[in-house]
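Keeping their order, the protein sequence lines are chains V and Y.
With the working numbering applied, the first sequence covers 1 to 612.
With the working numbering applied, the second sequence covers 1 to 348.
It should be emphasised that the hints constitute simulated quantities derived from the structure, not laboratory data.
Certain hints may be false.
When the alpha-carbon atoms are kept at most 25 Å apart in a straight line, the in silico DSS-like pairs for lysine-lysine are as follows [to be verified]: (1) 223(Y) <-> 40(V); (2) 75(Y) <-> 406(V); (3) 129(Y) <-> 256(Y).
Every beta carbon over 10 Å from chain V, so not counted as near; a handful from chain Y, in silico [to be verified]: (4) 127; (5) 161; (6) 200; (7) 252; (8) 300; (9) 307.
Don't be surprised by glycine CBs; every beta carbon is placed ideally from N, CA and C.
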Amino acid sequence: MDWITTVDHKKIAILYLWAGGLFFGIGGIEALLIRWQLIKPMNDFVDAQTFNELITMHGTTMIFLGVMPIIFALMNAVIPLQIGARDVAFPFLNALGFWTFLFGGLLLNLSWVMGGAPDAGWTSYTPLSTSAYSGTHGVDFYTIGLQIAGLGTLIGGINFLATVITMRAPGMSYMRMPMFAWTTFITSAIILFAFPAITVGLVLLTFDRILGANFFEPGAGGSPVLWQHIFWIFGHPEVYILILPAFGIISEVIPTFARKRLFGYSSMVFATILIAFLGFMVWAHHMFTTGLGPVANALFAVSTMLIAVPTGIKIFNWLFTLWGGSVRFTTPNLFASGFIPTFTMGGVTGVMLASAPADFQFHDTYFVVAHFHYVIVGGLVMGLFAGLHYWWPKMFGRMLNETLGKWTFWTFIIGFHLTFFVQHFLGLMGMQRRVFTYLPNQHFDTLNLVSTIGAGLMGVGTLIFLTNIIVTSRKPPDAADDPWEDGRTLEWSIPSPPPEYNFKQTPLVRGLDALWKEKMAGNKGMTPAEPVGSIHMPSATPLPFIMSVGIFIAGFGFMFSRDDFGGGFVSFLFNNYIVTGLGLLITFGSMLLRSLVDDHGWHIEPEELEGR
Amino acid sequence: MMRTWLSARRLLPLIAVFGTVLAGCGREDLSVLRPQGPPAESSLGLMKLAISIMIVVLLIVFSIAAYVLIRFRRKPGQDEIPEQIEGSFKLEVLWTVIPLILVIVLAVPTVRTVFALGENHSGDKNAIKVKVTGHQYWWEFEYPDFGIKTAQDLVIPAGRNIAFELTTNDVLHSFWVPSLSGKIDTNPTGATNRFSFSAPKEGVYRGKCAELCGPSHGFMEFKVKAVSNDEFKQWIEAQKAPAVLPEDPALAQTFKDQCLKCHAVGDQGLAVGPNLTGIGSRESVAGILLNDDTRQDGAPVEENLKTWLHDTQGVKPGNRMPDPSKDMGLTDDEIDRIAEYLASYKLN
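Take these sequences, add in the hints, and give me the full structure.
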């Protein structure tokens, strides 16, 4: 019950982590099934339809329900601590964001048991995703599930923007903010501008499918290419929503374990902003083969290549942070060090893809599959592993086992390269992506076998990580305030796990890497910026949960509003939008309640703080 | 010693993989790395340039990374605090400017090639015009200048420029012959795409659909058959010849009543489904059952036609052809005889 009503950012972080981890597991199993099907030519392990459902759900689940929530978990766990705040700006909204994500994700995954998962690819290109060519409710689950989950992301993004803008501790100017706080801030800004695009797209597609509109119907004046524009205007920035937080994590982990401050901090900030900006300018590089013409292709090719410049700045700054340092290879730093070359490999193939005439060959082949897995798995997932191992003691008060951590790293990274490196060649040799099987004797067989073996190894790595979590959780809490001993930022100045109110006294920030600065000055902890006083806390409330249940019900009702349930009462409920109305009533009722009932929260008094 | 062996063993699979890749680089009629026509060559040229630049970049990053990770590892007992360096303006400018130069080196030929490949050949008098229409899950090729249509095998004269006009009849597809040219999507009418390629050498090239288009997306293959100019003329004439129907009148009637409701042969039937004229001399049945009398890559055409007609959904899941026995009420014997007839329907 406590978990359902909580509005504490640290608990919401843990909720995000478990839910994201669950969906990550589902997406991983889907990946393994895909690789198993492709282990040999003309395999019949799954049929063609199921395969298309698997690839669609694998992509959708991993991006929207797997890695994004885990990013949000780390942001929630760390950002208020790093900037010296007691919570996020809007704790109630924070909880609402989590619950809408969870119910959106559940709705999407219910499609597996409710008559057909989405099958038009995670990009859902029309007309394949219209009801004429995708007759099951699959794509409806996609549009409505993602709409509900996306609501959560947008809420979360806005919340972090407000948090970073308004709640930094005294003395923490923007240019004294830790890099992870910076990337969170920029990521949230991208969310704010990119998610409305997909929201609109999903609404239009829902209208086409459920209400019979014609936005994407060529026969009635609609345009299938329109969907591609809308999707990628969101979809390309989305890639940066994913990778920028990983950049942030790496920029935290490397300085800590190299005992050096981040090399070129201000250029890192500038590069981050530039990447975010350019990220919005390059969406049509996903559409070089759509036939936009040479002018558009040339412009988007060049603007895409430009992204290599700020990204290169980042890579070299990390390397020179390590240069001259005293580098310790703990598990987080192993992942961070593995990240640099691996992500660089994904980056250079990105530049290759940007060359439009070469992309005519690369596009929609396994070369692209290899490229974006190098970026998303080799970059982001490695970054997340680094971040999780790094902040685990802060989140849970327990150190993860180092031996198991090292096993996780080696099995995962070897499996990863085995899986995806060979896919570059598969693509160049003529294997298109999203094929459920392939004819023999095309020189595809051996490389596919190697790829599948690698995927198995990555699976083993993930299982070792799970084992590590279970083993660790059975031990008593053992983490010190600053368990890595070289912590540089504010989160390491308070107990692990932090008390409910985070900082007894808001700290005074006197420079970049605030805690490190105090340590070098010979101080034991942060200098407080205020006397001990009464701390205001927000009240726990079940309303975010109830509101999300309402949206979930409304989504269901809308989705099945056209269905024939064999007459009778059920048909009556759905066909007259009564279920939809009921769901919306729950949600809007809760909103009304929230507006009308004044809740001033509660206070922790100084006596209580000192008594601990 | 032990350690060296362990790391060497770790490299073994990689070496094995490299070996396979370098030995093959794929099939001549399929691989992007073995281009057989000008557009594929210019794509590969850019790829080679890009990959050379990128390998240099990777080597630099890898060597710095390796050096740093070995050289600056914390030794036991090492406890001093390294110097806290803020950054280096010179260095940072250096690694901003060098990538910028590399990007320009790649961008210039990219832009040039984009415009070269984007040239419109539809007004070219010497070019052969072909209208490509994508269907779930087969390809239709229409030659408007000659008034003929065919399916699955695109026959072209070697060395001549082919000016394509591409559309789709249902969902999006993408037309791709890796060894001849990069791909281009087939959009519905209104967003018709044009592009062109040529095949200087005679031969058969494998083509694929590259845009997810439903369950049998992976099976939406086709062949490009580049033949000599004379052979091409003969083929055109043979395509235009009146239809050859089964000799047995009863079977001919069944074929007309059942099959020609969707298919066409010669001057008869409706071309809603794939045109069947001369199907016996095509490279494959349904795009994926390869015709090969030596049985190395497939089976003889008659056997393939029987396989197809007895189990259309099994061969190509989700395709739109009604099942000959279940939906059209043909007996097994009739199906076999129609297969035999189609197998014998050869051009020339």
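Practice prompt. Quick one: which hint numbers does this structure break? Sort them smallest to largest.
Written response: 3
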